[in-house]
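Number of protein chains: 2
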Amino acid sequence: MADFRFEIIAKDMNCRARAGVIKTRHGEIETPYLVPVATSASVRGMDCDALERIGVQCVLANTYHLHFQPGDKLIGKFGGLHKFMSWRKPIFTDSGGFQAFSLGLGALHGTKKIGFIPQNKEVKEEKKEEELLAKVSDKGVEFRSAYDGAISFLTPKDSMEIQSNLGADIIMAFDECTSQRSKKEYVKKSVERTHRWAIESLKYHDKKQALYGIIQGGFFKDLREESTKFIMKQGFDGIAIGGALGETKKDMKDVLSWIMGILQDDARPRHMLGIGWVDDLFECVENGLDTFDCVHMTRLARHGGLYVASGEGNMKNKFKIEINKAKYSEDKKPIDSTCDCPTCKKYSRAYLHHLYKAKEISYYTLATTHNVYFMLSLAKKIRGAIIKGNFKELKKEWIGV
Amino acid sequence: MADFRFEIIAKDMNCRARAGVIKTRHGEIETPYLVPVATSASVRGMDCDALERIGVQCVLANTYHLHFQPGDKLIGKFGGLHKFMSWRKPIFTDSGGFQAFSLGLGALHGTKKIGFIPQNKEVKEEKKEEELLAKVSDKGVEFRSAYDGAISFLTPKDSMEIQSNLGADIIMAFDECTSQRSKKEYVKKSVERTHRWAIESLKYHDKKQALYGIIQGGFFKDLREESTKFIMKQGFDGIAIGGALGETKKDMKDVLSWIMGILQDDARPRHMLGIGWVDDLFECVENGLDTFDCVHMTRLARHGGLYVASGEGNMKNKFKIEINKAKYSEDKKPIDSTCDCPTCKKYSRAYLHHLYKAKEISYYTLATTHNVYFMLSLAKKIRGAIIKGNFKELKKEWIGV
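Just so you know, the sequences run in chain order A and B.
According to this note's numbering, the first sequence is numbered sequentially starting from 1.
According to this note's numbering, the second sequence is numbered sequentially starting from 1.
Here chain A stands alone, though its shape is the one from the complex (with noise of 0.2 Å):
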């Protein structure tokens, strides 16, 4: 049995918001929790004595890319990722689904994106088929390595056994995502393959790590409907979210109420995959999810996006400045003045636009780790409101809703 436990320390009385503890034998989550991602087994920007030093309580780090670089053979010789990576604490790692996604349906759809998706502007290049990196079948997912050429077959056997040999606390089921375009029919015969895809995660997976069961279904009522009710009912320790969530931020919210309306009484922890905008964070946060991943804050931070808090920072610059930009090329204000981070405390904007514009590596340490540590921060807030009993009054400071 996998050491692990959740237990909820508060429900808001308005909504589905709650706060918990998921307990690992590599310690402690408290969520709500944005989940910084570690996809080649190191946050982009940050190694993991800087992630010790502001807090970070868990990384989630990508199947795909370990078995293909450098192989969790590999990682499994040292003992697993904590060890390789020199990461003591919790990690979660994903199944490779979304790269049979991104690699496959997604680029022959123009998408690599799945979650929300504005259908008009997220259709980019459509590659043709016989180009496609991820084939899918009923059996698995025939990848081709991005990094070497080099071809795997994935069954969700074999992601468990990978998933083993790289020794996270938190695994995810095998899945197929499907993109946005997919035809009902089509999402159809894919949610029975996840399913049959859980079934098999569930028997194979390593029993010392926590498996989470993936909810499919794109933005078909019924389906996501059929979906919830199949992986509620299996033994996964936890229950995630993927897959596509509809063109607008309402239908998102439509995607978490079908879910929700029928996992809304289930103890485990829920994890949200891919989301992770601050006004995402307090939408799932309502509806009921405990944790998230995203690259968004990391990927962001790199492309000279900062975080900036309530006041100056509002839905319509989604909490963020353009470091880039000529007006803080004098500004010796800290990035968020209210912000602990130890950025914050030292640099100003005028520095780090500098460093920005020399491209300096140290501008993508500090840029890094502000928006880390500022969504953390904010999930922190919210953990608290949610206990203190004004998650809604918080909601309402931050997103006007």
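One should not assume that every hint holds.
As the list claims (entries may be wrong) - In silico BS3-like pairs for lysine-lysine, Cα to Cα no more than 25 Å straight-line:
id	chain 1	residue 1	chain 2	residue 2
1	B	K188	B	K250
2	A	K203	A	K184
3	A	K77	B	K345
4	B	K184	B	K229
5	B	K73	A	K333
6	A	K207	A	K128
7	A	K327	B	K77
8	A	K128	A	K89
9	B	K73	A	K325
10	A	K73	B	K77
11	A	K83	B	K327
12	A	K83	B	K381
13	B	K333	A	K73
14	B	K184	A	K73
15	A	K318	A	K381
16	B	K359	B	K345
17	A	K89	B	K135
18	A	K208	A	K183
19	A	K318	A	K392
20	B	K83	A	K327
21	B	K135	B	K184
22	B	K380	B	K316
23	A	K221	A	K207
24	B	K359	A	K77
25	A	K346	B	K73
26	B	K83	A	K333
27	B	K332	A	K77
28	B	K396	A	K359
29	A	K253	A	K184
30	B	K345	B	K253
31	B	K77	A	K332
32	A	K357	B	K77
33	A	K249	A	K233
34	B	K392	B	K249
35	A	K73	B	K332
36	A	K77	A	K139
37	B	K332	A	K359
38	A	K89	B	K73
39	B	K359	B	K381
40	A	K346	B	K357
No wet-lab data here; the hints were simulated from the structure.
Fit chain B to the supplied structure of chain A, relying on the hints for placement.
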């Protein structure tokens, strides 16, 4: 008057090596010291907190780069580099003279380097005269900005004004470097020009800053001696050695012996510009140099060269391992088992090999941290050996002679 003092606390009986302390208004530098280079007001790969954590005592920033980006006037508005980059300890700035070389004569002669240059190896693509980004005349240097093409004419007076705006503790006189391929006739004229500029630098420099004069003269004994005598008799706070040092390590030793034969009893601190390999450090210390600056240790780290101590490290492998090599992919050892740096205390070669291959930003910070810590520890060991009277033994242990 500059708040600046140099105390020699120990001298070696058998050579010119000496241990000392440079005292500035921003703190002390224990010599011999290898100064990390913060070209654009940041050491590549480390933020100022990271430098402080490993006890770095000072950095050297570049006048040319900061003049063009973000501009010395802007930095002046912040009260100087210390405040702009949030660095409390001593700062050196160079004068822009090196870039007058690397963008001018160096480019014309197909080399961007000065110092010790194996002539057969370093000749790269030669630029034509009209393509040069720096043109030297008696009055000064016309720079075309590598950033945006803007023209800026720098005289010694301008260099002093820029360095005053930057506000470093220790600044350099404006000088002209010559190339290893410069003819004696040119070098002779250039030395005379450098001497006139030295006088002007002394006249115009900010008297709160300690000013070092620079000895030039290429690989010509009489010119080096003439330059040493001239610079020595001016009222500089310290003496620096610049320019071409011949083609072999033996040549470099010759240049140092010509200079030190004259300079040996001078009590001012001596700085060697652009030197930073392990064996160079020993040679230069043995010849009575106190401080050094070089991008080598940080650049090497970024390209996968990681320092290892005497034993595994030797003259043949230049005291480094190349972390990209496949043999390190499963190596559980730290980079250097004798090193106490934050990287060696926590991470394996295998993990660094992986991060390097994955081009993770954390590779650059962890690798740079190691190399800087390693070289500063070596400087500290050298200092300790001079104080204890066993410098020669330490040198023999490391470089065999």
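Status of the hints after comparison with the structure:
no. : hint               : in the structure
1   : B:K188 with B:K250 : 23 Å, holds
2   : A:K203 with A:K184 : 29 Å, violated
3   : A:K77 with B:K345  : 20 Å, holds
4   : B:K184 with B:K229 : 19 Å, holds
5   : B:K73 with A:K333  : 18 Å, holds
6   : A:K207 with A:K128 : 40 Å, violated
7   : A:K327 with B:K77  : 15 Å, holds
8   : A:K128 with A:K89  : 42 Å, violated
9   : B:K73 with A:K325  : 19 Å, holds
10  : A:K73 with B:K77   : 55 Å, violated
11  : A:K83 with B:K327  : 19 Å, holds
12  : A:K83 with B:K381  : 32 Å, violated
13  : B:K333 with A:K73  : 18 Å, holds
14  : B:K184 with A:K73  : 62 Å, violated
15  : A:K318 with A:K381 : 18 Å, holds
16  : B:K359 with B:K345 : 22 Å, holds
17  : A:K89 with B:K135  : 57 Å, violated
18  : A:K208 with A:K183 : 38 Å, violated
19  : A:K318 with A:K392 : 19 Å, holds
20  : B:K83 with A:K327  : 19 Å, holds
21  : B:K135 with B:K184 : 19 Å, holds
22  : B:K380 with B:K316 : 23 Å, holds
23  : A:K221 with A:K207 : 33 Å, violated
24  : B:K359 with A:K77  : 22 Å, holds
25  : A:K346 with B:K73  : 21 Å, holds
26  : B:K83 with A:K333  : 12 Å, holds
27  : B:K332 with A:K77  : 10 Å, holds
28  : B:K396 with A:K359 : 41 Å, violated
29  : A:K253 with A:K184 : 20 Å, holds
30  : B:K345 with B:K253 : 37 Å, violated
31  : B:K77 with A:K332  : 10 Å, holds
32  : A:K357 with B:K77  : 19 Å, holds
33  : A:K249 with A:K233 : 28 Å, violated
34  : B:K392 with B:K249 : 18 Å, holds
35  : A:K73 with B:K332  : 15 Å, holds
36  : A:K77 with A:K139  : 28 Å, violated
37  : B:K332 with A:K359 : 32 Å, violated
38  : A:K89 with B:K73   : 46 Å, violated
39  : B:K359 with B:K381 : 33 Å, violated
40  : A:K346 with B:K357 : 32 Å, violated
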